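These protein sequences, in sequence, are chains H and X. In terms of numbering that gives the first Met the number 0, the first sequence has 113 at position 114, counting the first letter as 1, and numbering is strictly consecutive. In terms of numbering that gives the first Met the number 0, the second sequence has 43 at position 44, counting the first letter as 1, and numbering is strictly consecutive.
Any given hint could turn out to be false.
[To be verified] Computed from the model, here is a short list of chain H residues facing chain X with C-beta under 7 Å:
id : residue
1  : Ile32
2  : Pro33
3  : Gly62
4  : Ala63
5  : Gly135
6  : Tyr137
Keep in mind that the hints were calculated from the coordinates and are not lab data. Predicted model, so just to flag it, every value in this text is computed and none were measured. Where a beta carbon is used, it is the ideal one built from N, C-alpha and C, also for glycine.
Single-letter residue listing:
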Amino acid sequence: MQKKILLIPLIAFLLISLIFFYLLIIERNPNNIPSAILNKNVPIFLAETLIRKEKFNSSAEFGAELVLVNFFATWCKPCADEHSNITRFKEEKNIKIVGINYKDKPEKTIKWLKKLGNPYSVIAIDKKGSISIDWGVYGLPETFVVSSQGVIMFRHVGPVTDEIYKKISLIIDSEKKNDF
Amino acid sequence: MIFKNYFLIILPIFFILISSFDSNSVEPGEIIKNKSLELRARKISKNIRCMVCQNQSIDESNAELAKDLRILIRKKILENNSDKEIYKFLTDRFGDFILLKPAFKLNTLMLWLFPFLFLGLGLFFLIYQNKKSKK
Numbered sequence: 000m001q002k003k004i005l006l007i008p009l010i011a012f013l014l015i016s017l018i019f020f021y022l023l024i025i026e027r028n029p030n031n032i033p034s035a036i037l038n039k040n041v042p043i044f045l046a047e048t049l050i051r052k053e054k055f056n057s058s059a060e061f062g063a064e065l066v067l068v069n070f071f072a073t074w075c076k077p078c079a080d081e082h083s084n085i086t087r088f089k090e091e092k093n094i095k096i097v098g099i100n101y102k103d104k105p106e107k108t109i110k111w112l113k114k115l116g117n118p119y120s121v122i123a124i125d126k127k128g129s130i131s132i133d134w135g136v137y138g139l140p141e142t143f144v145v146s147s148q149g150v151i152m153f154r155h156v157g158p159v160t161d162e163i164y165k166k167i168s169l170i171i172d173s174e175k176k177n178d179f
Numbered sequence: 000m001i002f003k004n005y006f007l008i009i010l011p012i013f014f015i016l017i018s019s020f021d022s023n024s025v026e027p028g029e030i031i032k033n034k035s036l037e038l039r040a041r042k043i044s045k046n047i048r049c050m051v052c053q054n055q056s057i058d059e060s061n062a063e064l065a066k067d068l069r070i071l072i073r074k075k076i077l078e079n080n081s082d083k084e085i086y087k088f089l090t091d092r093f094g095d096f097i098l099l100k101p102a103f104k105l106n107t108l109m110l111w112l113f114p115f116l117f118l119g120l121g122l123f124f125l126i127y128q129n130k131k132s133k134k
């Protein structure tokens with residue numbers, strides 16, 4: 000009996016080691032932080048649009064159709080890298096894309112878009128980064144899928160690679176089916 | 000030889016001393032004039048993770064987002080928001096991950112209670128072994 004009790008710490012240690020080992024070998028990215036704004040309504044915000052210099056009201060832009068939201072800046076290299084895939088969403092999925100231009104110079108952004116193409120239906124200027132804080136954005140580029148009910152369904156931090164493009168396309172396809 | 004021994008003692012003390020310096024990245028323009036409010040802002044900032052650098056608080060980080068959040072916290076304090084309201088504002092957007100000290104919740108129960116559980120277990124075995132060896 001006494002000897003059996005002494006085995007408990009050893010078993011506990013082995014169990015903990017097993018848990019650690021399991022966490023070590025399973026495929027998980029510790030940089031993937033659980034998002035707090037998933038399944039929530041889009042934040043309400045006002046801004047100015049980049050090209051037409053009109054008022055951007057989030058309440059008017061979201062909630063009517065499926066929307067892709069892309070936070071980008073011209074000074075962010077991965078944003079230029081993913082741009083072709085953002086354009087693919089426009090061309091292949093015919094989805095409304097809202098761009099949020101984070102802390103950038105408008106004339107620089109316009110030049111950048113002329114060079115790379117403009118897939119965005121509308122671009123809101125986030126001059127001071129307050130819109131990005133409301134969306135919980137911490138690393139550019141970031142891409143969100145907003146349902147036709149105005150609920151954030153998906154979030155991706157980092158550039159939209161071909162693999163992520165496929166992932167988001169599946170979400171768009173299934174959501175479009177649901178809407179019909 | 001004696002020099003080597005001294006060195007081994009002085010070196011860790013030196014590192015402990017420099018690591019305990021209160022290093023912060025708060026810029027002069029950000030500081031609130033009211034000292035007690037500024038202290039509140041500093042206290043909150045020290046518990047808010049810089050989402051860009053992740054192992055630094057926004058009080059220590061030079062990242063742009065950290066600066067924006069420091070300014071935001073000070074703005075909220077000046078708008079008479081309570082600490083709780085400010086924490087809620089931040090966790091609603093960035094999740095519990097933004098807190099350097101994890102909240103005591105159902106999903107963090109293990110994290111908080113395991114050390115005590117193991118301390119209890121350790122003490123139990125220590126006393127148990129002691130008693131046995133006395134016999």
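Against the structure, test the hints numbered earlier, and report the numbers of the ones violated in rising order.
Hints 3 and 4 are the ones this structure does not satisfy, whereas the remaining hints hold.
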